[in-house]
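Trainee: Position chain B against the provided structure of chain A, taking the given hints into account.
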Amino acid sequence: MPPQQRQVYKLDEILSPHAKEALSHLELFARQAVQGWMHGAHVSRRLGVSTEFDHHKLYQAGDPIKSIDWKASARHDRFYIKRSIEDSAVAVRLIVDRSASMAFAGPDVDSKYLQAARLAACLAYLITGHGDSVSLATATAGETLWLPAGSTQRHLVQILTALASSEPLSQDGLQNCLRTLVERAERRGIVAVISDLMFYPAPVRREMARLRAQGHEVILFQPQNPTEHDFPFNRWVQFGDLENASARTRVDTVLLKRIYREELQNLQEAWVAWARRFDVHLVPFRTDEHVDTVLSAYAAFRAGHGRGGK
Amino acid sequence: MGFANAYLLWALPLGLIPIVIYYLLRFRALRVTWGANYVLQLALERMRKRLHLDQIILMALRVLACLLIVLAFARPVLKRSNPDVTGSGVHHVLVIDGSYSMTAGANGSGGRSRWDLALEAAKKLAATWGRGETWSVCLLADQPRWVVDAQTVQTPGDPIAKLDALRPGESAASLAAAFTQIAAKFPRGRAEFFIFADDQANTWDQADRLSLPAELNATTYWLKPGPPAGPNLAVTALQPAADRLLAAQPSRVVARVRNFSAARVEDLPVELLIDGAFAARQTVSLLPDQESPVFFDIKLADPGPHHLCAQIPEDALAYDNRLYAGIEVVPSLRVLALRDPQKTGKFDSVWGFLETLNRSRQIGASAGTESTPSRLGQIEWVLSEGPLDAAALANADAVILDGGRKLTPELAGTLRDYVAAGGGLILAADASVDPDDVNHLLAEPGLLPARLGRLRSEALGGDQFRSLARSPIGLSPLRLFETELAGDLTQARIYSWFELDPRPGAQSPLVRFDDQSPWALRADGPAGRGRTLLLATGLTGQGNNLIVREFFIPLLHQLVEEAAAARIYPRTLARGQALRLWLDDPAKVQGVTFARQGEEAQAIAPRSASGGAGAGAVAEVNDAALESGLYTTLALREGGSKRSWFGVQGPRVDSDLTPAPALLLAAAASRLNLTTVSDWPALEQALLRQRAGREWYSFAALAAFAFLVGEMLFQRRFAPERSRKAASSAKPARRAVRKADSTPDSGTPASPGAPARS
Numbered sequence: 238m239p240p241q242q243r244q245v246y247k248l249d250e251i252l253s254p255h256a257k258e259a260l261s262h263l264e265l266f267a268r269q270a271v272q273g274w275m276h277g278a279h280v281s282r283r284l285g286v287s288t289e290f291d292h293h294k295l296y297q298a299g300d301p302i303k304s305i306d307w308k309a310s311a312r313h314d315r316f317y318i319k320r321s322i323e324d325s326a327v328a329v330r331l332i333v334d335r336s337a338s339m340a341f342a343g344p345d346v347d348s349k350y351l352q353a354a355r356l357a358a359c360l361a362y363l364i365t366g367h368g369d370s371v372s373l374a375t376a377t378a379g380e381t382l383w384l385p386a387g388s389t390q391r392h393l394v395q396i397l398t399a400l401a402s403s404e405p406l407s408q409d410g411l412q413n414c415l416r417t418l419v420e421r422a423e424r425r426g427i428v429a430v431i432s433d434l435m436f437y438p439a440p441v442r443r444e445m446a447r448l449r450a451q452g453h454e455v456i457l458f459q460p461q462n463p464t465e466h467d468f469p470f471n472r473w474v475q476f477g478d479l480e481n482a483s484a485r486t487r488v489d490t491v492l493l494k495r496i497y498r499e500e501l502q503n504l505q506e507a508w509v510a511w512a513r514r515f516d517v518h519l520v521p522f523r524t525d526e527h528v529d530t531v532l533s534a535y536a537a538f539r540a541g542h543g544r545g546g547k
Numbered sequence: 059m060g061f062a063n064a065y066l067l068w069a070l071p072l073g074l075i076p077i078v079i080y081y082l083l084r085f086r087a088l089r090v091t092w093g094a095n096y097v098l099q100l101a102l103e104r105m106r107k108r109l110h111l112d113q114i115i116l117m118a119l120r121v122l123a124c125l126l127i128v129l130a131f132a133r134p135v136l137k138r139s140n141p142d143v144t145g146s147g148v149h150h151v152l153v154i155d156g157s158y159s160m161t162a163g164a165n166g167s168g169g170r171s172r173w174d175l176a177l178e179a180a181k182k183l184a185a186t187w188g189r190g191e192t193w194s195v196c197l198l199a200d201q202p203r204w205v206v207d208a209q210t211v212q213t214p215g216d217p218i219a220k221l222d223a224l225r226p227g228e229s230a231a232s233l234a235a236a237f238t239q240i241a242a243k244f245p246r247g248r249a250e251f252f253i254f255a256d257d258q259a260n261t262w263d264q265a266d267r268l269s270l271p272a273e274l275n276a277t278t279y280w281l282k283p284g285p286p287a288g289p290n291l292a293v294t295a296l297q298p299a300a301d302r303l304l305a306a307q308p309s310r311v312v313a314r315v316r317n318f319s320a321a322r323v324e325d326l327p328v329e330l331l332i333d334g335a336f337a338a339r340q341t342v343s344l345l346p347d348q349e350s351p352v353f354f355d356i357k358l359a360d361p362g363p364h365h366l367c368a369q370i371p372e373d374a375l376a377y378d379n380r381l382y383a384g385i386e387v388v389p390s391l392r393v394l395a396l397r398d399p400q401k402t403g404k405f406d407s408v409w410g411f412l413e414t415l416n417r418s419r420q421i422g423a424s425a426g427t428e429s430t431p432s433r434l435g436q437i438e439w440v441l442s443e444g445p446l447d448a449a450a451l452a453n454a455d456a457v458i459l460d461g462g463r464k465l466t467p468e469l470a471g472t473l474r475d476y477v478a479a480g481g482g483l484i485l486a487a488d489a490s491v492d493p494d495d496v497n498h499l500l501a502e503p504g505l506l507p508a509r510l511g512r513l514r515s516e517a518l519g520g521d522q523f524r525s526l527a528r529s530p531i532g533l534s535p536l537r538l539f540e541t542e543l544a545g546d547l548t549q550a551r552i553y554s555w556f557e558l559d560p561r562p563g564a565q566s567p568l569v570r571f572d573d574q575s576p577w578a579l580r581a582d583g584p585a586g587r588g589r590t591l592l593l594a595t596g597l598t599g600q601g602n603n604l605i606v607r608e609f610f611i612p613l614l615h616q617l618v619e620e621a622a623a624a625r626i627y628p629r630t631l632a633r634g635q636a637l638r639l640w641l642d643d644p645a646k647v648q649g650v651t652f653a654r655q656g657e658e659a660q661a662i663a664p665r666s667a668s669g670g671a672g673a674g675a676v677a678e679v680n681d682a683a684l685e686s687g688l689y690t691t692l693a694l695r696e697g698g699s700k701r702s703w704f705g706v707q708g709p710r711v712d713s714d715l716t717p718a719p720a721l722l723l724a725a726a727a728s729r730l731n732l733t734t735v736s737d738w739p740a741l742e743q744a745l746l747r748q749r750a751g752r753e754w755y756s757f758a759a760l761a762a763f764a765f766l767v768g769e770m771l772f773q774r775r776f777a778p779e780r781s782r783k784a785a786s787s788a789k790p791a792r793r794a795v796r797k798a799d800s801t802p803d804s805g806t807p808a809s810p811g812a813p814a815r816s
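Chains A and B, in that order, give the protein sequences.
Once you know that position 124 of the first sequence is 361 in the working numbering, the rest is easy, because the numbers rise by one and skip nothing.
Once you know that position 531 of the second sequence is 589 in the working numbering, the rest is easy, because the numbers rise by one and skip nothing.
Looking at chain A on its own, in the form it has when it is part of the complex:
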């Protein structure tokens, strides 16, 4: 348990009841076989270790047809899914970029970090709700916060508290955070990275590629601020760097606008190409959207493409 910290955001602000309600029917399955000592809803790589019936679950759209217990369904005139205790629980590692650039908030739009924290909270809520374990790392240069994996409600509260107590600081530390994760060589699971990707991409891509090589499923959530994309300036602007307070850049945005947009698009296209190459889900979302909506859409997308195999 980390020392008590001053909360920057309220817990309700991080995980609202509305988001809980919206996420209550969602499930997040691993797209590939995972490793774990705990039983769970995810396919384990260790087949045959346990085949005992555990419980029935009411069928919902998206559940695999082959898991339907036809006898039980015939008796109760409802479709039931038969759950076996042989499935493993998946370990999900949430890595939230806490660099200063994530603090940027446009007019009437929350900061990228707040949206990232909300998304992480929703993911933690969703994962712990299904008994899976979730860990949290808020990546920043030199002050990375690590919360170990856990699946209890108490652990969820710790995660929410950690997210609410953090605020973007200093320079980017995502690369170090990912390298640490790689070096730990933990059991393979799901690594969800939430970052605006506004940094030199090569080191981070290298670490994420190594994670993929270790068998982790990597999901890349990218909060995007509309102001940063529209670049709505037509005059001289002095830009201050959030990650370096002393850096000042004075520029005529009339001349810069086109080039800026081209560079932004190039960067985004490069990330998309990289994600396709390494089979990484890149989920960009705007900070003026509700994260539960984003997460619901993504969960539906994953469910539509079925659960992972070996």
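Hints in this document: simulated from the structure, not taken from any laboratory.
Please note: incorrect hints may appear among the correct ones.
Residues from chain B that keep clear of chain A, each with C-beta distances beyond 12 Å, as calculated [said to hold, decoys possible]:
| id | residue |
| --- | --- |
| 1 | Thr341 |
| 2 | Arg551 |
| 3 | Ala740 |
Have a look at the derived ranges for each label pair, beta carbon to beta carbon [stated by the list, open to error]:
| id | chain 1 | residue 1 | chain 2 | residue 2 | range |
| --- | --- | --- | --- | --- | --- |
| 4 | A | Arg449 | B | Ala764 | 56 to 62 Å |
| 5 | A | Arg485 | B | Ala764 | 35 to 41 Å |
| 6 | A | Thr486 | B | Ala764 | 31 to 37 Å |
| 7 | A | Arg472 | B | Leu67 | 30 to 36 Å |
| 8 | A | Arg485 | B | Ser756 | 44 to 50 Å |
| 9 | B | Ala720 | A | Arg472 | 57 to 63 Å |
Cβ atoms here follow ideal geometry from the backbone N, Cα and C, with glycine treated the same way.
Mentor: For chain B alone, coordinates are given in the frame of chain A:
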């Protein structure tokens, strides 16, 4: 290269405005804390590499555009090296229209006349000349007059002073005559001709034949004034019944008004002023180019000199809106009727009728009533039966001679002297007159306007007779009869008359027969005084019914007034006619002054003159330049001075402001290589172009505009393309993911959100 407005070059630092704006905007930059600094740095890196030169070009375009705008206002001109057109060494010739049509108000000139505008432009032009330059002024009048003939500018104010002294005159102008002289005066060399004239048709008459010598290197400018403001009418004539009128007797004055406009004029008020005071007003409606008489019936009670004025409201050309006439009102007239003592018959002479008139007047006077017309009382009829000498004629205003007195050489000599001294002779040629004697003794010496021809005698009461015609109207003595107020002349029946054979150059008949042959002719005396009226019939009633017609007494007195008017010199003069004043007793005259109304008087020296009826002196102003207007003379005497009024009436030769046909002007412009301008600024521009070369301000302005457009187009390079803008303003990542998702070999869809939201 030079600049017309060189002082504006001080504004060249305005070209730094773009740079100032650049730094001002840079200083007032919006301060933003930016999150996507990594992308910003990438863009800046690229911009530094690629767009640094573009920014410099853009700034240069802006600066150049500002500089060119300033240069355009400074009006750059490209000076030519050809000295022929530099303005120096060129003879400047001002051709100024001095006709009175130039006094017309120019439309849109703020009440100033064409003359004012032309003279103002001429003075501004003269102010540009330097010392030593040669100039001439040709004033257009009936004949072109060289007011300044090839003079050298000594001081800058010299030409201006001479131009200030110019005045428009009462004349027409002819450019053709002026250019004929110019062609002879400037056969070669270099000259600039400046025409300050209106576009009047008579000024530009034969303008298609204007030409300049081929060896003359000339440039010609025409400062063409604007069209006249409003209608244009003129009083063309003002005629009293006679120069000497009987006091308190009705008389008639006719004024003629002409409409020179192209539009009809309704109810134009025409006023008659007597001695400057309003006397009567008539209205007249005129069609375009119509002239109409306007009659005024007047009665002047005070004997002495008077002057009349007919005027209409001021219009575009105020010069011709009034005319003056001078008259002399006398209390009575003395008429001498000649008769031989033995011819006492009722119809032997006119005295038979006049005696009856005299008797009736005496009877009326003794009874306290005037049984005869009142005007008879102011004419004293005197019978002369004895020898006629100068003393007897001295007090006679007119003499009536007919068949009742045999014409002898002595009598003829006396009458010639009498007429030469200013007397009026009425020769009524009845059947008793010996035509040979008359022709020999009176007509051949030039006393009569015609010779007596064949005597025509028809049977009394028969169908063969002649009557008098009322036409042509407007003849001064018979003006009373034009409207039949004084009787109908056509009721005359004449059975005996002489055929008159007018001498060459005689005046038009006063009265005509109904076949338009003359009945009464007038001849003025050789010295301007004296007058002879020759009647083709007698006034006795023998061979005609005149004495029983109602018009006879008015006609008789009209003839008497007409003859008696010659006692004085004419008080209403045509232009160019000498103004003369007869002084009866020159010994008592201390001096004579002459003045135009409103101007200072000048003394004139009388010269002695003699005549058969008495000696005297003549004060004469023989100035052909006397213009239309009212003039006065004052004879200073011991017993009291005597003033006389004279009205000079010039022909309205320049009142018609109708512009010359456009084709004619175009032909003249082509032949003279004429540059037409409307005012001094335009003339200055034309001179600048011609002398100093072509102006380049329009090109500078065009270049500035081109630079501005180029700057705008160049700036578009920095603007985001529409498609990219749409892509980036929406959800660029989503679009990129959709592309990846649609890739067949991608295996796993790259974007989970795209299908759900699409």
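Trainee: For every hint, state whether the structure bears it out.
Mentor: Status of the hints after comparison with the structure:
For Thr341 of chain B, the non-interface assignment is confirmed: its Cβ lies about 75 Å from the closest Cβ of chain A, beyond the 12 Å cut-off. Every Cβ of chain A is farther than 12 Å from the Cβ of Arg551 of chain B; the closest lies at roughly 110 Å, confirming the non-interface assignment. Every CB of chain A is more than 12 Å from the CB of Ala740 of chain B (nearest about 45 Å), matching its label as outside the interface. About 59 Å separates the C-beta atoms of Arg449 of chain A and Ala764 of chain B, a value consistent with the hinted range of 56 to 62 Å.
Distance hint for Arg485 of chain A and Ala764 of chain B: a CB-CB separation of about 38 Å, consistent with the stated range 35 to 41 Å. Separation of Thr486 of chain A from Ala764 of chain B is about 35 Å and conforms to the stated range, judged on CB atoms against 31 to 37 Å. For Arg472 of chain A paired with Leu67 of chain B, a C-beta distance near 33 Å keeps the hint of 30 to 36 Å intact. Range check, Arg485 of chain A to Ser756 of chain B: Cβ separation about 48 Å, and the 44 to 50 Å hint holds.
For Ala720 of chain B and Arg472 of chain A, the hinted distance range of 57 to 63 Å is satisfied, since their beta carbons lie about 59 Å from each other.
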